[in-house]
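Engineer: Heads up: the protein sequence lines correspond to chains A and B, in order.
Here our numbering is used: the first residue of the first sequence is 1, the next is one more, and so on.
Here our numbering is used: the first residue of the second sequence is 1, the next is one more, and so on.
Watch out, some of these pointers could steer you wrong.
If you want the footprint, here are the derived chain A segments under chain B, 3+ residues with CB under 8 Å [what the hints assert, rightly or not]:
(1) 134-142
(2) 217-224
(3) 246-253
A few chain A residues facing chain B, derived, Cβ under 8 Å [claimed, not checked]:
(4) R122
(5) F130
(6) T256
(7) V266
(8) L271
These are computed hints drawn from the structure, not numbers from a lab.
None of the values given here were measured: they were computed from a predicted structure.
Glycine is no exception: its CB is placed at the ideal position from the N, C-alpha and C atoms.
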Amino acid sequence: MTGPSSRVVRAFARNPVAMIGLVLLAATGAVAAFAPVVAPDSYDDQNVRARLKPPLWRSPAGRMYALGTDPLGRDVWSRIVYGARVTMSVAAAGLLLGGGVGVGLGLLAGFAGRWADALIMRAADIQLAFPSLLLAIGLIAALGTNLLTLLGVLALRSWAIHARTVRGSVLLVREQESVLAARALGAGPFRLAFKEILPNVLAPLIVVSTAQLGALILLESTLSFLGLGIQPPRPSWGNMLSAGRPYMTVAWWVATMPGLAILAAVLGANLLGDGLRDALDPRLKL
Amino acid sequence: MGVSGLAIPPGLRYVLGRIAQLVPTLVGVTLFAFIVIRLSGDPTSVLLPADASETEREAFRRAYGLDRPILEQYVRYVGRLLHGDFGVSLFQGEPALRLVLDRLAITVQLAGTAIGLVMLVGVPIGILAAVRRGTIIDHITLSLVALGQSVATFWLGLMLILVFAVAWRLVPPSGYGTAAQIILPAFTLAAYYLAVAARLTRSGMLEVMAQDYIRTARAKGLSEWLTVFRHALRNAFIPILTVLGIQIGELLAGSVVTETVFAWPGVGTLVLDAILRRDYPLVQAVIVVLAVIYAVINLAVDLLYAWVDPRVRYQ
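All chains should be modelled from the sequences, with the hints used to inform the complete structure.
Structural biologist: Now the structure itself:
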């Protein structure tokens, strides 16, 4: 590790808020990755004798339901675990898609000629000038509720901010002495882009992506809650919450627990993003 | 003055330039609404009731020029929008624009109350946290800000119903009409923006309070609160207002979720019902109306900002 990176790591590790964020997000990721190990049941195992049982309920056979059961007698904890799998992978895929397109277009806007820059940035402006939920609703109304549309919606939500961030950093870095020197020494455009510019673009990019992950988890959950995202029986935190809603007065836990899972994951991403921002660049403000 | 001068003052030039920026945005919005209907297949199958006969479909195609080139169709569509013709709701048989505007009035009540909360609660909390920086008040504020920015709106709404309407019976759980019924949805809708407002106000105040003239004000013996109100607040307020202004448009669109949770009969429940019934003209109308409002609010905020802070106009 070189000097500056170890300074960043130390600043990050000493920040309790960042560490809380890292732990929350890592825990959510681990639960999602090892779902079959962590969950006692599958997400659709029903048990008519154990319907709407409260948290910590013990079945006659001695089986403990840590977070209770839902109207179909399914273990809420198991469903949250498998819901983590769905929600986190959909959000991550949307982020990769939107981030990838955004980084590509941002680099293009920063490097290529003026008209490409103007075109891409105007498109980003229009995108950002449009409420994301409204865009999602329009697209889903037209294309129906399917995974591909959902991913497209999430990618649309995040490409513009990535493109803007990357372009901004490229413009800043392009005229820096080290880059000018590399260019003067005859470095080609690819060497310049990957060796000189990308490392400098990386810091703000990581900060933006982390914050976007939280936003995408929220957007997916919201759409699934509205019935426009992941469809049952496939579990997502949003559709679990919506299914538990009619039973709220008799079984508060069915709708409450998935909401806590959303809170933990989004809080994790947001705190981690804040911590990374403080560690990577104290001057950077979002 | 040269030929290019044309004696337009820079202030006016800024205003005109900013208004001109509205054009690509509006083109983008209408293009989106236009394409969305075509993405879903044959427009007559989505714009007419399912039981329409083939002759009806043919008549519709001719009346709306669906047999013409696509660009001409788009221009005609925009032309109809400009004349206030947003199509007819498939299920209610009424002009879509009128349905949207009726419901919009109800949404604006909710959004207006939420914005009031943001200004009257979020901003003062941010000031307090900045002045009492590093104290327990500041820490609690920062924790609430982090939670407020991460919580799912619909979940917060349900939890508020559970506690304040079901358990304590202080307010009705949902519905529209009485003053008590607006409290929970307004707070739910405002929560995220309360957090944003408190955070922005706090950081804005801290930045301003580190400036030289604040130190001068303190040095000449002004009390802490007088310094805050007479000198710091005024300078911190402009950027706060700008960001909040932009958020107001998001808040209108975000009311879809809050309205669903509280059965608030605004434009949000309207559009969701419209999607479930595949009432495309109505969905289209909601999208265009809300997006136009959003763009106009952003424009107004920018112009207001430039008016308050003249440096913007010359950039």
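Engineer: If any of the earlier hints don't hold here, list their numbers in rising order.
Structural biologist: Violated hints: none at all, because every hint is consistent with the structure.
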